[in-house]
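*Asks:* This is what each chain is made of:
There are 2 protein chains.
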Amino acid sequence: MTNSLLNDRDTEFLLYEFLDTEALLQRPRYKEHSREVFDATLKTARTIAEKFFANHNAKGDANEPNFDGEKIQMIAETKQSWDALSEAGFLAGHCNFDEGGMQLPKAIISTALGYVSAANIASACYPFLTIAAANLLRSFASDSLKAQFLPQMLDGRFAGTMALTEPDQGSALADIRTSAEQAEDGSYRIRGQKMYISGGDQSLTENIVHLVLAKIKGAPAGVKGISLFLVPKMLLDENGQVAQPNDVKLAGLLHKMGFRNTTSTVLSFGEDQGAVGYLIGEPHQGLKYMFQMMNEARISVGAGASILGYQGYAYSLQYAKDRPQGRLPSNQDPSAKQVPIIQHADIRRMLLMQKAYAEGGLGLSMYATSLYEDQHSAPTEEESQLAATLLDLITPVVKSWPSKYCLKANELAIQVLGGAGYIREFPLEQLYRDNRLNAIHEGTEGIHALDLLARKVPSKNFQAYQLLQTEIRKTVLEARQKESLVSMADTLEESLQKLDETGMALFTQLQEDVDRGLSNATLYLDVFGCIMVAWIWLRQAVIAANALEGTTSEEDGNFYRGKLHTALFYFEWELPNIQPQISLLQSGNNLPFDMRVDWF
Amino acid sequence: MTNSLLNDRDTEFLLYEFLDTEALLQRPRYKEHSREVFDATLKTARTIAEKFFANHNAKGDANEPNFDGEKIQMIAETKQSWDALSEAGFLAGHCNFDEGGMQLPKAIISTALGYVSAANIASACYPFLTIAAANLLRSFASDSLKAQFLPQMLDGRFAGTMALTEPDQGSALADIRTSAEQAEDGSYRIRGQKMYISGGDQSLTENIVHLVLAKIKGAPAGVKGISLFLVPKMLLDENGQVAQPNDVKLAGLLHKMGFRNTTSTVLSFGEDQGAVGYLIGEPHQGLKYMFQMMNEARISVGAGASILGYQGYAYSLQYAKDRPQGRLPSNQDPSAKQVPIIQHADIRRMLLMQKAYAEGGLGLSMYATSLYEDQHSAPTEEESQLAATLLDLITPVVKSWPSKYCLKANELAIQVLGGAGYIREFPLEQLYRDNRLNAIHEGTEGIHALDLLARKVPSKNFQAYQLLQTEIRKTVLEARQKESLVSMADTLEESLQKLDETGMALFTQLQEDVDRGLSNATLYLDVFGCIMVAWIWLRQAVIAANALEGTTSEEDGNFYRGKLHTALFYFEWELPNIQPQISLLQSGNNLPFDMRVDWF
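Chains as they are written, first to last, in this note's numbering: chain A, 1349 to 1948; chain B, 1349 to 1948.
Heads up, some of the hints might be wrong.
Identical chains share a label here; the pair holds if one copy fits it or two copies do between them.
The calculated SDA-like cross-link candidates involving lysine to any residue, where the alpha carbons are at most 20 Å apart (straight line), are [to be verified]:
1. K1822 - Q1811
2. K1427 - Q1680
3. K1669 - V1945
4. K1399 - Q1496
5. K1804 - Q1845
6. K1419 - A1591
7. K1756 - E1922
Quick caveat, the hints were computed from the structure, so don't treat them as lab data.
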């Protein structure tokens, strides 16, 4: 049994029912496209994913890249996958025609690349990082730097990385020690060590463009002294051709639990004469620029986590339909035929939970995608600003919720299979290992919780937060039109009210003692996320209820009833789990804060 | 930084404060022992664990056993660990002096072997299975079979396995197909395939004693037709010496996510002339006998899961104390010194959760151990019966609760370390992979839930269940004597009341429709377990509160305050999470049961 990639019916639902991607054809940027172009693009991506990525997902895990002292040895399929994707133009899929791109909407590109993640998230990491790095250059690099590096990144000759973390500095970027000193030619000499750099070395491309955070000598302390540099692995000659190696050395590979076919590297910059680096934008503004790439990567992480959750769901569902085992409790006849395990209610519980998490997470990611789209192509500046504001607010949630719950989905997928779920002869244990990374990279859950509570929510006098509430209340009103959805609509409205009260309680606590007031931020992030996903499910339920009122095929009928039942399950079985956390937050229960180090 | 094995202070607490293991010295069986003997035994076990097991925990994971076509290749350290443990007499540690054993109490042996699990749970699996298999033979095999096989199992020349599962039958043992046919000499010929057999082949011992479930031809259908056979890998000659191979073939190795140094095998019995097997006990009573071994293994699984949780907790605690990163939110000075991450409240939350789970799980396991002890050595038959009744009731909980929550503890341990937690250069990701097995083997969570709700609780008109309530209420009364514990005592009493009401609601539902009534059994198991662990924590809190009233050293003071604070954390942060599940159970919410297959 092989795992199919995503599900066509669900993909169609997300793109054309949950989002109205076809409506984008009215916008000037997409006027030359059509639904047929969108669908053909997806089909191409799916074919590439199946042929060039799915083929070595397990193989890349079992034969991870290793360093032979001279170069990184990788299985040949990894380069074939890179080449296939870049040759089909997907590295520039979102770029404008005049950049050589396909000028496609974000939702289409995300879904196209979603197939690639579903097939092999580790090999997908190289193109994903390259796309995000190229976007950063497009936004902030000088024309001359862009001219030198961008075309090769968009056509697959060069790859990109983000080099932030250092051996002594993970989450605390303010304390990075990598230094930059200007040379006579105006370029900089970079010195320092970076760690956990994904794709920091590989054998896929003739060059690697590292985007490196460093501090120019004499810069202010903390984040206000961080600048961003483009540091290529190979220096270019005057004709823009790859010439000699820069002073960037691989200090070692790190060996991950999952995501193994993505190299994770320790890189030494400037051990000898200093690595040549080119300043991007203004000095000391580096973190601001890097946030564009980080935020893009964060949304990508949430989508990836959801997709891994979805793959586990789809596989365990098929297994549960196929595998006979035991009988219902009411059947005591040992000679009666065994039933497929999906007939056991506990198996259906585990499948429903997975469906609620994976399709909830995917919906949330697609919603973020639509905000990104509006930010960049909405007809009015006002709409564009609103979308940007909302996206900024929800990015910590979009990154964190799927990373937590879709890992849980994978844990359940393993449990559905039992022993078979635990062995490498089946694909589920790898999904689980791969997915465990997502709550860590691009900012741990705790970091995002602080970001949400301390910055994003109170920002501009709660402007974005109010905006989100308004959006959610629109769905509540819509849902109230359907009798079958009234109860969910009421519950969501009550939850919004509780979220308000909780936020107010926390901001009061914060003003008294900021350390204590922020100490339960992770609970707040979780509550916030669970309520947002309730909204996503109610939106899906509204669509399903409307569709069921029209004529539908039996297959569509089942699809929409499944959406409705899962929405109900989410509201009745999942959402109530936030209540104990809300109580802790509102009462200012600070037991973890009060735990003393010497009591552990 | 290496991980120490368990924690001496905690071990002492569990053995001599939480349990009163010294009081066992009054019992005739232990009159020749002393506290010094107990402690020396533990020290020996710890030394062996450190020297012979911890040394290859990571190595055995990275170099798992493989089959070269003739024999299983294993790293040499595995056999050295087996030899060291068996030469020190631990395979017979619990056996009587006249069997060549050390006649030690269960709590001492469990703790001794706990060090071994903490050091290397995969290599520990071989001796653990052998001990449980030998116990089964001691209880049910004929004197002649015992004489032939038992001495070699107790001194380490032979190992033991349990062979239940088949490729087509996992949880549904009623449907096994392995057959047995009596031969002229009175022995049987066994034919069939067994799967997921841990230690089913290895290179540690000259023989392997497989305890195999099979059906004698013509036996009744279902579990009433299952018999138990001893099927050696190598047949013995008339002098009891290993002679020629039996017809048992290794069909293949399975490759697990964790627990890798324990072989997991597919075995073919009787492909040629039929494997020679010897009936244990009476025909068709095999499952009853096997339950002794399964139950012993189940308690062992719960303990193992707790120990892995504990190891992760201890490691991440040390890391959190050592690793500087960032500053408190109240400190905005980027030039101020960074703080160890344990100063961040969210890290303390993750450490407290781990402590609550791991020490709660360990306490639960030790309580089960004390019941086992009383069952076998209590002064009166009545006490012995009571203990057996209680142990039978709580076995599904003792197996399942730690398997779920201590995996969560390991997930949190990884999160405390961030990127370092995710790479194989640090020990946490292996703990997490190893621990994922525990919710699967020896019966999945769902199977234990059905066992608890459908069999154990209602058994004998709720006799065992009432008994447990009585035990728990004793602690409630004790706790009421301390003002600081009154609130926890009240909460526990209310929880017991809710458990009663929930049970009653479920039994009403069950009588109307058994399939529907059992459909939420896993939630009930979880609620039951969380309340039991609340009791375990309240017991620890009572001891701590009493100790703090006397004179204690500063170190002991911190230890007991830590216990009290964690008990409070469990009651205020963990236990409330059962409320939404109680509501679902009491209201008879059956959404998973009602989900239709074609809606997925």
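*Asks:* To test your reading of the hints: which numbers does this structure violate?
*Replies:* As far as the earlier hints go, 2, 4 are violated by this structure, in ascending order.
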